[in-house]
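All chains, please: the whole structure from these sequences, using the hints.
Number of protein chains: 2
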Amino acid sequence: MSNNIIKFEKYFRHLSFIIKIEGRKALKDYPDMTKAMFEILQLIYFNKNLKAKDIASNLDISRPAVSEILAKLEKGNYIEKTKNINDKRVTYFLLTKKGKKVINSVIKSRVNFIKSIFNENEIEILTNIFNELLNRQNKIDKK
Amino acid sequence: MSNNIIKFEKYFRHLSFIIKIEGRKALKDYPDMTKAMFEILQLIYFNKNLKAKDIASNLDISRPAVSEILAKLEKGNYIEKTKNINDKRVTYFLLTKKGKKVINSVIKSRVNFIKSIFNENEIEILTNIFNELLNRQNKIDKK
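In the order they appear, the protein sequences are chains F and R.
To convert, note that position 97 of the first sequence is 96 in numbering that gives the first Met the number 0; the numbers rise steadily by one, no gaps.
To convert, note that position 137 of the second sequence is 136 in numbering that gives the first Met the number 0; the numbers rise steadily by one, no gaps.
Rather than coming from a laboratory, the hints here were simulated on the basis of the structure.
Please note: incorrect hints may appear among the correct ones.
For chains that are exact copies, the list does not tell them apart, and a pair is met inside one copy or across any two.
[As the list claims (entries may be wrong)] Distance condition first, Cα-Cα at most 27 Å in a straight line; then the derived BS3-like pairs of lysine-lysine:
no., residue 1, residue 2
1, 50, 114
2, 107, 96
3, 47, 87
4, 96, 9
5, 138, 107
6, 82, 24
7, 80, 100
8, 6, 19
9, 99, 9
10, 34, 52
11, 107, 52
12, 9, 50
13, 47, 6
14, 50, 6
15, 24, 47
16, 107, 97
17, 96, 6
18, 9, 100
19, 107, 19
20, 100, 27
21, 6, 71
22, 87, 27
23, 9, 47
24, 9, 107
25, 47, 34
Written as structure tokens, this is what we have:
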């Protein structure tokens, strides 16, 4: 059993890595987008109401570095600033249509790669197992 | 079919993310280790003969930033410098015993988390599918 888990972790890690690489190939269509810019773009996409300081602590980089990358994302029209309704001193960030298009291109590229390496039957078995796992986890979270 | 792949990509991405978070919890035992330091430590562990400029281009960060992080890793006794036998002007990096211990702690933490969320039967099915996939890929690479 234990050996199988060690093997599984290794395979899963490898697969994660190659899917990530394939996904990011979609970024070639956005030559101004650096790795650091994409990391922050992703973070804003998947988390609501992020402030610059949350981004800094989440990615473990300095506030000035975050400000510089946010400015580049804004200049490239990938994100826009928005104010908190209750406290106008607080600035959040949102993805623009162009920013969302970048994320969707990367996801599409991941999906296409997955389609090219697994067969239908494998996808079905894997999806069922992951689905069941996430259901179990939701139940645990709600307890 | 297509819907299943989209679901699978999403589940896989989520699972990758939570396993990564759980793995990195092991880093609490190394409070001097920043996220950027760990990224570079990992890169050196999984790739032989990396030079500072390879690290910079791989992580898409500036050479001075890479040098600073490498100096911190060396100071913390996580990595050591080594010279190329054929060209003594070229410096590579290697993990020390302590550096390897960090990587192994993170992997162990990932393995323990996987063990806690999947059952034996699921691990076996997943491992078999991943194993078969990697065999197919190796065959393609060797063609």
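Broken hints, by number: Numbers 1, 6, 11, 14, 21 and 22 - these are the hints that the structure violates, sorted from lowest upward.
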